[in-house]
Amino acid sequence: MTRTRLLAALFMTPLAIAAVLFLDTPWLVALAAVLFLAGLWEWFRLAEIDDTLHRSVLLVANLAMMVAITWASRSSNGFSFVLFQIATVIGVAWWLLAMVWLRNFNFASDHDTNARMFKLAAGTLAVVPAWCALALIHGSTNNGHRWLLIALLVIWAADTGAYFAGRRFGKHKLSPRISPNKTIEGLVGGMLASLVVALAAAPFAGATVAQMPAIALVVVVTVGFSVVGDLFESLLKRHVGAKDSGDLIPGHGGILDRIDSVLAALPVFALGKGLLGF
Numbered sequence: 001m002t003r004t005r006l007l008a009a010l011f012m013t014p015l016a017i018a019a020v021l022f023l024d025t026p027w028l029v030a031l032a033a034v035l036f037l038a039g040l041w042e043w044f045r046l047a048e049i050d051d052t053l054h055r056s057v058l059l060v061a062n063l064a065m066m067v068a069i070t071w072a073s074r075s076s077n078g079f080s081f082v083l084f085q086i087a088t089v090i091g092v093a094w095w096l097l098a099m100v101w102l103r104n105f106n107f108a109s110d111h112d113t114n115a116r117m118f119k120l121a122a123g124t125l126a127v128v129p130a131w132c133a134l135a136l137i138h139g140s141t142n143n144g145h146r147w148l149l150i151a152l153l154v155i156w157a158a159d160t161g162a163y164f165a166g167r168r169f170g171k172h173k174l175s176p177r178i179s180p181n182k183t184i185e186g187l188v189g190g191m192l193a194s195l196v197v198a199l200a201a202a203p204f205a206g207a208t209v210a211q212m213p214a215i216a217l218v219v220v221v222t223v224g225f226s227v228v229g230d231l232f233e234s235l236l237k238r239h240v241g242a243k244d245s246g247d248l249i250p251g252h253g254g255i256l257d258r259i260d261s262v263l264a265a266l267p268v269f270a271l272g273k274g275l276l277g278f
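Just so you know, we're using my numbering here: the sequence shown kicks off at 1 and counts up by one.
All clues given are correct.
Dumping the calculated DSS-like pairs for lysine-lysine here, alpha-carbon to alpha-carbon at most 27 Å:
1. 173 to 237
2. 243 to 173
3. 171 to 243
4. 237 to 171
Everything labelled a hint here was simulated from the structure, so no lab data went into it.
Take these sequences, add in the hints, and give me the full structure.
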């Protein structure tokens with residue numbers, strides 16, 4: 001890691017942890033909406049929407065969808081997370097389809113209207129369900145803030161573990177055409193790092209020993225999907241010849257470069273947590 005990249009991470013990580021642990025769910029969800037929509041703005045660039053007005057209209061449309069989901073979830077009996085759960089399932093389904101897209105490198109790679117439409121739809125299906133999953137994890141249980149932190153720690157550990165394992169042991173390319181630096185050894189290292197972090201931190205969120213196998217299973221699947229998210233953003237960048245999604249974060253590129261794994265991983269973690277009951 002470069003010095004700039006490390007310093008930026010050391011600055012951002014404590015802020016993210018503090019926000020997850022200490023902000024009430026409505027405030028955190030609002031902050032996450034700003035962050036995710038900023039990433040979506042960069043997604044529009046990768047989809048070759050160059051006109052600022054067009055990007056703004058699309059961004060407002062996605063914001064309106066988030067507001068509509070929140071508004072429709074309110075009732076006289078309190079707040080319901082049903083729509084957030086439905087959106088989360090849709091997000092997982094989308095990332096399963098994204099795996100097929102990754103296997104067809106040239107799909108929607110042309111610089112035409114149809115390619116843009118597919119990529120714009122993909123942006124909404126990536127961002128809105130991930131935002132809903134974040135709200136679902138943080139707000140639906142008493143220890144939701146701790147579970148969300150664990151989910152993020154799992155993703156960060158996977159990235160860090162994959163980086164160092166790939167550099168030390170990487171020999172077999174994971175997807176050389178899309179991301180030449182990613183290796184199978186790095187993926188395994190990332191999964192092992194995530195498992196260690198998750199199983200060590202799970203008691204902090206109230207998990208019991210009996211729940212550890214279920215947590216380990218969800219973590220492995222979550223890390224797998226986080227790699228899909230990372231690869232998909234790399235695919236978008238390859239299609240337009242971009243190195244990064246932006247240059248807002250020193251040493252890290254754009255916001256989308258930092259949240260691509262999160263977008264794919266959060267719906268999977270939220271769904272697995274709900275289905276396996278931990």
